Amino acid sequence: MEDTELHTISFTLNGVTQRLRVAARRSLTDVLGQECGMKSAHMGCGQGDCGSCTVSVDGVPIRGCLLFAVQADGADIRTAEALANPDSLAAIRNAFKKHRAIQCGYCTPGFMVLADYILRNELSLDQAIQTLSANLCRCTGYSPIVSAVADLLAARAERGSGP
Amino acid sequence: MNMIGQSIDRVEDDDLLQASTRFVGSLAFENMLHMHVVRSPYAHARLKNVTVGKAASAPGVVAVWTGNDIRELPPIGFRRIPDRDLLQHRQPVMALDELRYVGEPAAIVLATDPCLAEDAGRLIAINAEIRPPVLDCGTETDARTEARMRGSNEVARIEKGYGDVEAAFAAAEHKISISCRLARQTAVPMETRGAIAVPHPAAAGFDLYGAAKVPHANRQELARILSLDIGGVVLREGHAGGGFGVRGELYPEDVLVAFAALRLGRPVKWIEDRSEHFLAINHSRDQTIHLNAAVSKTGIIAALRARITTDQGAYLRTHEIKVSDLSCAFLPGPYRIPAYQATATVHLTNKTPCGTYRAPGRFEATFAMERMIDAIARTLELDPVEVRRRNLISAADMPFDRQIEATGKRVVYDSGDYLQTLDTAIRAFDLPELRRSAEERRQRGECIGIGLAMFVEKTDTALHETARLELAADGKIEIVTGTSSLGQGMETALAQIAADGLGFPIDVFRIVRGQTDRISQSGGTFASRTTVMAGSAIHEASRIFRRKLIETSAALLGATTEVITLRRDGCCINGRNVALSELRAMIDASAHSTQLIAEADFSSGAMACPYGVHIAQVKVDPDDLSVTVEKYHIAYEIGRAVNPDLVKAQLLGGAMQGIGGALMEEISFSSDGQPLTTSFADYVTPRIVDVPAFEILLLEDWPSPTNPLGLKGAGEGGINAAGAAVAAAVEDAFAAKIAPRRLPITPKALFDLLSKTDDGLISPLRRR
Ligand code: FES
Ligand code: FES
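So the sequence lines, in the order shown, correspond to chains A and B. Every position in the first sequence, counted from 1, becomes a number in our numbering once 7 is added. Every position in the second sequence, counted from 1, becomes a number in our numbering once 5 is added.
Hints were generated in silico from the structure; no laboratory data involved. Incorrect hints may have been included.
Reference listing, derived: stretches of chain A covered by chain B, where coverage requires no fewer than 3 residues with Cβ under 8 Å from a Cβ of chain B [as the list claims (entries may be wrong)]: (1) 30 to 40; (2) 50 to 59; (3) 99 to 110; (4) 149 to 155.
Small disclaimer: the values here were computed from a predicted structure and weren't measured. Even for Gly, the Cβ is constructed at its ideal location relative to N, Cα and C.
Extracted from the complex, chain A is given alone in its bound form (with noise of 0.2 Å):
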C-alpha cells in the first residue's frame, strides 16, 4: 500500500520544538534518525522486542519503532541525546563508561534512556533491573549495565540522605 499523504506533526525534542511533515506510515525512530538528525535513533529490530530505539516520550520510556511518529504529535520526547537534564546525562554517562557497561555502542542510548527513567523515578535497584530487562544488548553480558545503574542509585541514595 501506498502512503504519500503527508502530515503535519508538531512536538518538543530535547526542548525545542519541531515542525514535521510526515507520512502516517513512519516510525518515531526513523522520523527522529532521518528527519532530526538524531544519531541516537537506533533501530534493532522494528518488532518492538530489542529496545534499541527506546526514547522518552512524556517521560515515559517507549520503542520509537513501534509508535507512527504522527502519535507523538504534541509529546514531549527526549534521547540520549539530552535525557532529562545536563546533570543527569552527565552523570548516566560517566557511569556507563566507568563500569565498561559499552562495548558497540548500539544499544547504549536505549540503556541511557532507562537509567534516567529509573533515576527520575527513584526506583529500588530490583525495580531498576526489571525496568532494564526490557532492553536487549549482545556485546556486554549485561552485568556492567546493571553495576553502572546500581552505581548511580548509590550516588543518588547517598545525596539524598546528605544534609
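Knowing the structure of chain A, use the given hints to seat chain B with the ligands on it.
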C-alpha cells in the same frame, strides 16, 4: 610510561556516549537511492522467471533488476580454496535458475525512498516450480532435486588424525561412545547489516561504507566480481554494532549496492531489517558430533574417534568448509590423546548458508570433548576433575605439536601449564565449597548442579599484518590499521600499545582503521587476532617511529640525536620543548625534511593459544524445567593483558552469549523449509534477568612466545566452553541421571530427557 597492563578508560566511549558516532544507518549522501531486496519465499524451487510487472513504473522507482540482469557477475568467492571442486557451490549474487533457501536474493528494487522501494518489491512475482527441500544431513538426493549434489547432499569430507587408533581400540579396557548435537544458531549483533556504495566519477570505482571485519579481503573480492581495478574500490568502516564473526563477510547485498551504484551513477543505500537478518546473515553451529574413546580403567584416553556432520545450508560462502575443519582440529582440546582420527562431512541443505560465529568450530568441539570427559568420569565412577587431570597435556610437553593442521596450518599449542591453571581455578573459585553447598541445597530439595569445562582457544595469526604511525597535521600521531572495530575496544588497546612504545600519553594518538585507501594490507579482525597481530605490528612501528622522530627533530633543530629526549607530547632539546604539532609545522616548512611515517609488518608462523577453565552453577526450576545459571566463573590464561578490564569485558560478554547458546538459542525450520525464527521473540537471547554472578580471573603466567609482547587473544575465551560447562552443571543437578548432550537445553529438551529415565525423575520434581 608503562601503558600495557593498565585498565584505562576506552577511547571509543565519548564518541559513542555523545551519540556523535555514525553507524551506517545514519549516513546519507546527496541524490542517494535505496535498495530493497526481494527474497525467495521458497526453500527449494526451480526459478522459471521473475515478473517485474508494475514494479518498474511504481512511484519513486529508478530500476528493478533480477538475476538475469546480472548474469555476468561471478559468484562470491572463498578467501581460501581448500579444493577447487567446491567452487561449484559458491553463492551467486542473485538466484539464477534455482532458489535454494528462503531469503535468497531474487530481485532488487532501487527507489528514491526506502518505503517506496519496499512497496514496489511487493509487486514483483517470483514464478517457480516448487521442489521438495533437503533439510537434513545425509539425505539421499536425486537428479531432480539437485543436480550438483549427485546422489547425496554430502559435498565435502575432511579427515584428520595421527597415531595408531586401531591398535589403541583393540587394546582398550573401556570403549565409550557419545553423540552430541548443537542446534543452528547465529550471532545476532544488535545493529543489523547495512551498506552504502558511493560511485566514483565515470564508474571507475566506488566507496563502500558499512565495511567491517576484513575490508582488505572484501576490497579485492569486490574488484574481482565487478571487474574493477583494485585501487578503485575503497572500503570505509565507521562504527559497527557488534560483529561476532557474522558481520563483515562479503554478502550478496554488498555486491548488489556496489553494482547498482556503478550502473546508476548514484549513491545506493541498503539497511537490513531484522527479519531479513535472520534469513540472510550467516548461520552457524548446526553440527552433530559422535565420539568414540578408547579408555584405560584409570580414565586415560588412549585414542579418540570423531565423526562430525555439519549442516552447511544452501551454499558455501566466504568461509567454505572452514568451521568443520576447525572442529576436527581443535576437538582434542587440552588433552594428550595419543591417537586421534576425525572425519567431518559437510552437507548442503535448503537453509540459510552457514559461516563463522564466535569460537567457530571450537564451541562445538569443546562441547563434545568435555561431554566425553564427563561420560568417562561417569562410566568409571571417577571425579570429572580427576579425569581431566589425568589426561591434560603437561607443561613439560610445551610447545605441544598436535601433529595435525587447522585450515592448512600446523596446530601447535605455544605455551602454558594446563594443570596449574586448573588447580588455580579450583582454588580461586573454591570448587570444593561450591560442590558442598550445592549438595546441601540438593538435600533440601533444590535442583542445583556444578559443571566444569576446560578449553584451548587459538588466536589466528593468518596472513601478516601491517601498521603505520604518522604524524598528522594537528600534531596527533595517527595509528593506521586495517583491522576492524566491532565494539571490542580495539582502538583503546592499540593506542595503549603505541603509547607504551613511544612513552607518549594516550590522547596523543588517533586510530584510523578500516579505510582500505590508508593502508596497503591487513588480515582483518577475526579469531581474536586484532590485538595480537595489529598490536605486534604497532609495537614494531612505534620503535621505528621513535627513532625517526629523534632523527628528524635533531636534523631540523641542528642538534645531535643524543641530546634529544621525548617528553609528554613532543620532544625536548637542550631544555627547549618542541610539541609534536610544532614539529609537524617545521617539517612542512622545511624543504629537506620528509613526513614522519613509520610502517611495520608483523608475521608469525605460529598461533598463540590462550586457554582456561569455566565453572557454572545452575538451578533447575522443578515446575517449568527452566535452567538458571546462578554463578559463572572463568579463569583465563591470556599471556599478557593489554587492558585487563577490556579483556574481562570480552570474556563476560562472550560467556553471556555462550549461556544463550547453551540454554535458549535455536534457529528452526518447518518441514517445508520455512524459517520459524525470524525475530527476537522467536530466537530468544539472554536478557538481564538471565545474568549470573560472574567472577573472572585473568592469568598472565604464560606469555606467548609467538609475538614480541607475549599476547594471546581475548575474543572467544568467554564463549568457548560455556555450552560444555552449563551442560555439565545440568547433568550434576540431576546427580548424573541424565546426560544433556544436545544444545540448547531448553525446558522442552530437558523434559524429553527426563521422561526417558526409567526412575521417572520428572514426578518427584513436580511434587515439590
Ligand atoms: S527497534 Fe524498537 S524494539 Fe527493537
Ligand atoms: S554494547 Fe553492543 S549491543 Fe550493547
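How does the coverage statement for the stretch 149 to 155 of chain A fare against chain B, requiring three or more residues with Cβ below 8 Å from a Cβ of that chain?
As far as the stretch 149 to 155 of chain A goes, the hint holds, because 5 residues have Cβ atoms under 8 Å from chain B.
Verdict on chain B covering the stretch 30 to 40 of chain A, where coverage means 3 or more residues with a C-beta closer than 8 Å
With 4 residues in contact (Cβ-Cβ under 8 Å with chain B), the coverage given for the stretch 30 to 40 of chain A holds.
In terms of beta carbon proximity below 8 Å, does the stretch 99 to 110 of chain A have 3 or more residues touching chain B?
Three-residue rule met by the stretch 99 to 110 of chain A, so holds; n is 7.
With a C-beta cutoff of 8 Å, work out whether three or more residues of the stretch 50 to 59 of chain A approach chain B closely enough for the coverage to hold.
holds (count 8)
In the structure shown, no violation is registered for any of the earlier numbered hints.
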